[in-house]
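Given the coordinates of chain G, assemble chains Y and H onto it according to the supplied hints.
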Amino acid sequence: MKARIYVFLKPKVLDPQGKAIEKALSTLGFEEVKSVRAGKFFEVETGDVPPGKEEETLREYCRKLLVNAVIEDYRIEVIEK
Amino acid sequence: MRVTVVQFLGSNCDHDVIQWSKDIFRMPTEVVWYTESDLRKPDLVLLPGGFSYGDYLRPGAMASRTPAIESVIDFAKSGGLVLGICNGFQILCECGLLPGALLRNSSLHFICRDLYLKAGNKKTPFTNKIPDGKLLRVPIAHGDGNYFCDEETAKALESEGRVAFRYVSPEGKIDPEWNPNGSMSGIAGILSEKKNVLGMMPHPERASDKALGCEDGRLIFESVISHLES
Amino acid sequence: MAEMEVTFELAKENGITPEEWEKIHKILGRKPTYPELGIFQAMWSEHCSYKSSKIHLKTLPTEAPWVLQGPGENAGIIDIGDGWAVAFKMESHNHPSFIEPYQGAATGVGGILRDVFTMGARPLANLNGLFFGAPDHPKTPFLMRGVVAGVGDYGNCIGVPMLGGQVTFHPCFNGNNLVNAFTLGVLRGDRIFRGKAEGVGNPVWYVGSKTGRDGIHGATMASAEFSEETEEKKPTVQVGDPFTEKLLLEACLEIMADDFVLGIQDMGAAGLTSSSLEMAERAGSGIRIDLSKIPLREKDLNPYEILLSESQERMLFVAKKGYEKEILSVFRKWNLDAVQIGEVTDTSRAEFWFGGKKVADIPIAGIGDEAPLYDRPSAEPEELSEMRKLDLSKIEDLKDPGKEFLHFIGSPHLCSRKWVFTQYDQSVRTNTVQGPYHEAGLIRLKGTTKGIAMSLDVNPRLCKLDPRLGAASAVAESALNVACAGAKPLGVTDCLNFGNPEKPGVMWEFKEAMAGMREACLKLETPVVSGNVSFYNETEGVGIYPTPSIGMVGLAEDISKTATCFFKKDGAKVLLLGKRKGTLGGSLYLSAVKGLDKGNPPELDLDYHKSLINLMISLIGDGLVESAHDVSEGGLLPALAECCLSPLSDDLGASIDLKPGQRLDELFFGESISRVVVTADPESAGEVMKSAAAAGIDAGEIGLTGGKDFSVSIEGKRIFSLKISEIRTVWENGIDKILA
Chain G
1 MKARIYVFLK
11 PKVLDPQGKA
21 IEKALSTLGF
31 EEVKSVRAGK
41 FFEVETGDVP
51 PGKEEETLRE
61 YCRKLLVNAV
71 IEDYRIEVIE
81 K
Chain Y
1 MRVTVVQFLG
11 SNCDHDVIQW
21 SKDIFRMPTE
31 VVWYTESDLR
41 KPDLVLLPGG
51 FSYGDYLRPG
61 AMASRTPAIE
71 SVIDFAKSGG
81 LVLGICNGFQ
91 ILCECGLLPG
101 ALLRNSSLHF
111 ICRDLYLKAG
121 NKKTPFTNKI
131 PDGKLLRVPI
141 AHGDGNYFCD
151 EETAKALESE
161 GRVAFRYVSP
171 EGKIDPEWNP
181 NGSMSGIAGI
191 LSEKKNVLGM
201 MPHPERASDK
211 ALGCEDGRLI
221 FESVISHLES
Chain H
1 MAEMEVTFEL
11 AKENGITPEE
21 WEKIHKILGR
31 KPTYPELGIF
41 QAMWSEHCSY
51 KSSKIHLKTL
61 PTEAPWVLQG
71 PGENAGIIDI
81 GDGWAVAFKM
91 ESHNHPSFIE
101 PYQGAATGVG
111 GILRDVFTMG
121 ARPLANLNGL
131 FFGAPDHPKT
141 PFLMRGVVAG
151 VGDYGNCIGV
161 PMLGGQVTFH
171 PCFNGNNLVN
181 AFTLGVLRGD
191 RIFRGKAEGV
201 GNPVWYVGSK
211 TGRDGIHGAT
221 MASAEFSEET
231 EEKKPTVQVG
241 DPFTEKLLLE
251 ACLEIMADDF
261 VLGIQDMGAA
271 GLTSSSLEMA
281 ERAGSGIRID
291 LSKIPLREKD
301 LNPYEILLSE
311 SQERMLFVAK
321 KGYEKEILSV
331 FRKWNLDAVQ
341 IGEVTDTSRA
351 EFWFGGKKVA
361 DIPIAGIGDE
371 APLYDRPSAE
381 PEELSEMRKL
391 DLSKIEDLKD
401 PGKEFLHFIG
411 SPHLCSRKWV
421 FTQYDQSVRT
431 NTVQGPYHEA
441 GLIRLKGTTK
451 GIAMSLDVNP
461 RLCKLDPRLG
471 AASAVAESAL
481 NVACAGAKPL
491 GVTDCLNFGN
501 PEKPGVMWEF
511 KEAMAGMREA
521 CLKLETPVVS
531 GNVSFYNETE
541 GVGIYPTPSI
551 GMVGLAEDIS
561 KTATCFFKKD
571 GAKVLLLGKR
581 KGTLGGSLYL
591 SAVKGLDKGN
601 PPELDLDYHK
611 SLINLMISLI
621 GDGLVESAHD
631 VSEGGLLPAL
641 AECCLSPLSD
651 DLGASIDLKP
661 GQRLDELFFG
671 ESISRVVVTA
681 DPESAGEVMK
691 SAAAAGIDAG
701 EIGLTGGKDF
711 SVSIEGKRIF
721 SLKISEIRTV
731 WENGIDKILA
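If you read the protein sequences in the order shown, they are chains G, Y and H. According to this note's numbering, the first sequence is numbered sequentially starting from 1. According to this note's numbering, the second sequence is numbered sequentially starting from 1. According to this note's numbering, the third sequence is numbered sequentially starting from 1.
Not one of these hints is a red herring.
With a straight-line cut-off of 25 Å between C-alpha atoms, the simulated DSS-like cross-links for lysine-lysine are:
hint	chain 1	residue 1	chain 2	residue 2
1	H	Lys139	G	Lys19
2	H	Lys26	H	Lys51
3	G	Lys12	Y	Lys155
Source of the hints: derived by calculation from the structure; they are not laboratory data. Model, not experiment: these values are computed from the prediction.
Next comes chain G alone, as it looks inside the complex (with noise of 0.2 Å):
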């Protein structure tokens, strides 16, 4: 399988880096520019994964590795089953 992983900091948590980013999109005149949050993205590609259990596998990788639960979300997107 081939899959995306999007991991976003949960919005309470400050974001010190989106913030600099943030300012720095302004600084260069995009004044239209509200928020930004830094995230990571991971492109994931696997071996047989049994068909139907895609979403829960990635969802297994989120939660004892690559997410920490306390300060991140997730979101996951399978690309080819």
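Frame of chain G, contents of chains Y and H only:
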């Protein structure tokens, strides 16, 4: 007192804490590789600082999912003493032994400088030898030391006396200039519910030798010795 | 892959001259293959062959009884007694740091660390020489943020403390910033490893990161004939992986603790090509490598690319046969792949195979012996005679000395480097006795009483005005810095940053600088044991000022008898040792405040300077002085104020009283190489004066420490007084002006 130091791929303060325990305090010290489950019956486990796994993914994330840490979790749950310094603190949060998380410093820079610490509770295994009114001068050296937790946890930490150390000014006051990584409430170190696990960002092992200018960090190790003796 | 047709046209595009093309034919007895052309081009590049500098470098002194390894290896090594030795080297990463400051600086640190641990030494300290354009140049903040973060992140992750160095701003670096990275490591003197491919039949191993297209020579790769996928194959910026380097460091030191590694070398510039050829050359052996066995990051690299890739964090080593199991188990422990890629031969040739086919076969001696050597024409640059003229009568003296002093010390040139240094781990490994805020970096050697001091210095402005004097002054200043920490200077590594050597003016600067370094190193008995040359620091025809950075290493026998530059307590006498008068010629004051790089720089009397160095070592060793600070760029008043500005203790002021007889700007900000400010207890001050007199060094009392103010008078008449806290605020926030 028997001390075990856990080494991870990328730890770089492992030598420093080994020297702290073995040479400065002359304690029998074992070194356990991250793939090992046998902690060799320690009284105190030290998780050293550094950049385990290069801080890739999140600081401490990958180290916290290793066989040695599974054993450290069991050891802590049975009441064993665990001290995580810097990356060791990040690992303790990532593995769930301590609440909250350590975010990027608010300046977005790595910061290395001496800071002053005030103990929040002197009746713990790690702080009992710190004299009243004494501030510890100890260096920090990290990029991700900005402590964060939800409000409920924050309240619990305060009410249960689990804030081990706070960054303060030389006068002992909470002051943003003396809390350069932006930690909430100036938190520099916290304790587990049973107070047998301490995670702290500053490096007491770097402030324990007269030849290097400051010995305040010794008080933490001496507290552990005195706790185990009593 | 279709075989490339090798023609002279193609060779020319790759920088090969007609004479070199002839030589290649003579050496091979035939036309080169495409990979062979790549090998010659890389090995005969300025960077690898030192073709413009070699004849001049040979004039530098490189020997002393304590030198265990001089130039020609990955790093130089000196003996520090009791079986201990230190390995150190400095290297430039200038061009990459301009293109991509973060990665360029980071990989510079990575490279120099590998050079040191390759010798079997554990890296224990870093220094950095960073040179940026004018503080108000639009690119300066971007470059500075990137370079500092890159240097910091790499060293911090590995766990090697940064003990200081130099941060310089000058418009001559607007188009070419410099990054000079220095690493020092410690080893046992009888456990030195060298880059040698010894013992016919012994396996050649590759370990570390996989090979990608990083840093392959730009001009060649972009040539249209080479491939239709030109865009895709453009050289990529080298990206540093400090985590892998940390694993490599630990794994290499672990296998070197045993006796089966015979030779080891970092794959640095020109990657596998230069490392394999140099290892065979040093051993007088041959080497056969199967390029198909090299671990690749992208599948479709061709032999040319594999040979010339500059991917980071890779090492080549030769081990005794029969230890495959032991070697693999160490690298497996550290999560690293080690692969056997070839063997040592007795053919004196370098053979490279790919897919069962020989793609290159070169006599090793030919490459070295026939390498081009140039004695390039040189001539003093025309602008110099004009630059040396200075008419002080046209320059207004200070009007409001207190205000002008405050402005000067808060300028980016003199202000605190705190913003830079706090981004570097300074105390990891618990050896740091003096970190970056001090005169010199100083680490202790655990298990002994010894301390190792190091300093990195150069003043490009002096080197422009008089390269011979400037280079000698850089050696002199770094030696005095080390002595002010209480250590005896023992050896030098250099990083020689210059413009285009094909210009006679630049070549003249280089030759003069070498002559100055030679004089100073001979006189001060500090041989040059390692270093590198970086030419072509030019953009659009404008070159940098000559910048021969000097890294000086010294030994303090007893770490408890060392000194720092900061005033220690109230009521100590402030003494000025050395030359009484400074001069404004070539001074920072004229440059930074008046915009003039003009005049004759201060003279340097090397005999006098040596006496001053010896005096400092004995005063500190005898515990007669409480603090010692050399007076360098900025002159006397900034140096005195710096002694009041300890980052760790409370403000401690001083009352300074100077003798008249000079213009105020000259008295306060004039410069001289051989001057030191010390403090002594009133009871020992007399002793200090006596020792100075016996050593033939001028000495005078110029004030007293105490209070919270910095007060300056001339013959009792107050000129100005400022609160230390006020000076500190301005001084600590000076860098913010650049970054804002």
